[in-house]
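Novice: Single-letter residue listing:
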Amino acid sequence: MFKNLKNIEMPCFASYLIMISGLLNSGFCSLAQNRIVSSAPVSVEEIAGKYYFIFFIVLLPVIFKSDKLLNRFLKFVIVFFVFYTILFMAGDFASEAVKNNYGARFSLSSGFWIFSGGVIFFYVSLISREKKIYQRLVFQIISFLPFFVFSYYGFFSDFAVAIEFALNSKRFFAELKNHFYISYGSVFMACCLGVPLGIYLFRSGKNEKRVFYILNIVQTIPGIAFFTIMMAPLAFLSTSFLFLQKAGISGVGTAPAVIVLFLYSLLPVVRNTVEGLKVIDGSVIESGRGMGMKSSEIFFKIELPLSLPVILNGIRVALVHCVGSTAVAALIGAGGLGVFIFQGIGQGADDLILLGTFPLIIMAVISDRLMEFLTQISKPGVFGR
Amino acid sequence: MIEIDSVVKTFKGKKALRNISLKIEKSEICVLIGPSGAGKTTLLKMINKMIIPDQGEIRINSKSVKEIESYRLRRKIGYVIQGTGLFPHMTVQENIKVVPGLLNWDKKRIEKRVYELLELLRMEPEVYLKKYPVELSGGEAQRVGIARALAADPEILLMDEPFASLDPITRQKLQSEILRIQKVLDKTIVFVTHDIEEALKLASKTALLKNGQLISCKSPHELLSEDDEFISKFLGADKWLFRLSLLKAEEIVRPCRRVLCETDPVSPGMSGFFWVADEKMRFMGWIDLKDCKNRENIKAYDLMVKTRAFTGIVRDDSLKKALGIIIETGLPRLPVVDSAGILTGEIMAFDILRPELKSGDD
Ligand SMILES: Nc1ncnc2c1ncn2[C@@H]1O[C@H](COP(=O)(O)OP(=O)(O)OP(=O)(O)O)[C@@H](O)[C@H]1O
Ligand SMILES: [Mg+2]
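Taken in order, these protein sequences are the chains called A and B.
Under numbering that gives the first Met the number 0, the residue at position 149 of the first sequence is numbered 148, and the numbers go up by one with no gaps.
Under numbering that gives the first Met the number 0, the residue at position 338 of the second sequence is numbered 337, and the numbers go up by one with no gaps.
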């Protein structure tokens, strides 16, 4: 079996080792009798019984090379089967604990996170090999669909995170929506101003240095500092102008957050718009002109489509940044998922923190993938269809 | 017909064109040639109003281009530039469709036109229609560039060093395509190039520019017989080689004097140089008979120098090519064959070097 090292796929082998070390970690999960007291570690053995090492054997085939699609498919099935089986068993364990003591809190802890780290490493190193979008989709479904199915049917509902979620669900969705509106809204506004500004800077060839100078300074102000700086002038404005107050604008809350995030997003959007237009080959524009295109036709049929991938990439950077920074905006009362994080930190409730960070990460990743996807489809001639 | 009437152009105090007048007849290929910075591109771009002259005017079919809106004018003039300028985000098909699209042709007609053009440029539509410019070789891309310029069937084609970045073989192929297309479609072509050989091959008229002035405007033949110092300097010592490249083998072809059939016996008394052909007079090789020992019962075929690579030149080949072959093979003369390989005559090395060919009165 081990005769030939060539048959072993190194990334998979590494992820196998990580998974195993996670499973062997005595603090795979943790159990506290209530929210306040400190928790006791729970190992995989306690969750899955004494034959838990079977998982090690089941996972073993994963380390071998898989040039065939079918083999890769099987590897995915194995890894995620084990992953969900363990998660499922943990859910069972949690239910048992909660049944005995209603206040009990069962959380996933270091061992589990190491284990999932291995799973994610496996996922990332294999999924990047699938070039066809449909194959990818199949693999993505195998990996993520069970999670949603299981959670929908309440298998995980006795995890502490889920309990926190249940307790806060109304607020959770409100803040999730809030988070989405603040971050996407800021970037949207930045696009509305940034793209035309970029086009203007490119066209006029003037003021470019000055504008970037300012935007660069804006970019270097740390988030927290910027949010607080914004509070004073806005508070002043809203007390001076009644109509601003009526519109709900004040020193704290959404307005300063959106303004700050908008200003942050401006640099990547403007810079990429200018760059995107600049990199277009002059001969392309010239031949467009020579063929009798009017300047509006040149702009819409040549310049815009050709710079679109670069512009979208700028928007992607801005968006991912904003989704993250919006969490900090909770500090000045803007709401968003940061609310749970800071509340959790305040109360020392780790699961409340998780309730904030999980969806935050997912939102950031989805935003990134979405924009990446848009970027890809916006450049036909460059990467093929 | 394009009339360029005493145009002057100054860029920020630098005189790019000084009073140039030039008349380009319909169906002519006029090649603008001259050193870098001579003003060739400037002059070319004035024709489709990419550059407006400071003084003077340009008339197309007796109508001043000033009176035509520039985008309308340009849609009626094909424009090909170095590096193609193909739109990278559009397929071959979409690229070709641009101008007919701007002119609001109906869909079916555009579709048909794209096929026609690709076929005209010897590109299989099924293979190329859906390709993007990055997926094309330099030569293919330039063919598409030409097809695109021809899309709306313009009367005039402007080409600014279109083949400058191509390898010599592809370049020659495309030059031949231009000549063929010109014959088939009867376009007026204004062509800018650095490459004198290209100019001589394509031109029916060569306009030599220097420092924004028109030095001469003649047929390629006349240009080469010109004694002007600048022209001689511009062409260099290669001038004579260029002249040879314009002359065809047929101009000095003579009937073959000594030909043997491959089955003929070689008798002891024979000596000298013979071509060998088969019964149908197809060129086979040659014999150079020097000493006459032991020639009993020997056929021409046995002594013949056979060549696979070299099968003779045709009447249309240039004398430059012939000279090259003479140097390569070391033969004092070359066989001239027709398209079926049948020996029809010969040319002599010393004929190529004959002084009267040099002076140009042929
Ligand atoms: N847009 C412009 N602005 C300023 N000067 C220009 C401009 N276009 C051309 N010139 C100048 O005019 C002169 C002629 O330029 P042109 O491009 O016509 O030369 P060319 O003969 O095409 O040269 P090449 O063979 O290098 O392309 C050059 O000296 C050039 O510097
Ligand atoms: Mg030029």
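Everything labelled a hint here was simulated from the structure, so no lab data went into it.
Accuracy of the hints is not assured; some may be wrong.
[Claimed, not checked] Covered stretches of chain B (in silico footprint by chain A; criterion: 3 or more residues with CB under 8 Å from a CB of chain A, positions within the stretch not fixed):
{"hint": "1", "region": "21-34"}
{"hint": "2", "region": "245-258"}
{"hint": "3", "region": "322-333"}
[Stated by the list, open to error] In silico SDA-like links for lysine to any residue, alpha-carbon gap of 20 Å or less:
{"hint": "4", "chain 1": "B", "residue 1": "LYS75", "chain 2": "A", "residue 2": "GLU285"}
{"hint": "5", "chain 1": "A", "residue 1": "LYS277", "chain 2": "A", "residue 2": "VAL217"}
{"hint": "6", "chain 1": "A", "residue 1": "LYS300", "chain 2": "B", "residue 2": "LEU352"}
{"hint": "7", "chain 1": "B", "residue 1": "LYS238", "chain 2": "B", "residue 2": "CYS255"}
{"hint": "8", "chain 1": "A", "residue 1": "LYS378", "chain 2": "A", "residue 2": "GLY332"}
{"hint": "9", "chain 1": "A", "residue 1": "LYS300", "chain 2": "B", "residue 2": "LEU101"}
{"hint": "10", "chain 1": "A", "residue 1": "LYS293", "chain 2": "B", "residue 2": "LEU352"}
{"hint": "11", "chain 1": "B", "residue 1": "LYS247", "chain 2": "B", "residue 2": "GLY340"}
{"hint": "12", "chain 1": "A", "residue 1": "LYS277", "chain 2": "B", "residue 2": "LYS238"}
{"hint": "13", "chain 1": "B", "residue 1": "LYS14", "chain 2": "B", "residue 2": "GLU68"}
{"hint": "14", "chain 1": "B", "residue 1": "LYS319", "chain 2": "B", "residue 2": "LEU352"}
{"hint": "15", "chain 1": "A", "residue 1": "LYS130", "chain 2": "A", "residue 2": "GLU371"}
{"hint": "16", "chain 1": "A", "residue 1": "LYS293", "chain 2": "B", "residue 2": "PRO153"}
{"hint": "17", "chain 1": "A", "residue 1": "LYS293", "chain 2": "B", "residue 2": "GLY340"}
{"hint": "18", "chain 1": "A", "residue 1": "LYS293", "chain 2": "B", "residue 2": "LYS14"}
[Said to hold, decoys possible] Here are some chain B residues pointing at chain A (derived, C-beta under 8 Å):
{"hint": "19", "residue": "THR9"}
{"hint": "20", "residue": "PHE10"}
{"hint": "21", "residue": "MET49"}
Using N, Cα and C, we set each Cβ at its ideal position, and we do this for glycine too.
Novice: Does the structure break any of the earlier hints, and which numbers would those be?
Specialist: 1, 2, 3, 5, 6, 7, 8, 10, 12, 13, 17, 18, 19 and 20
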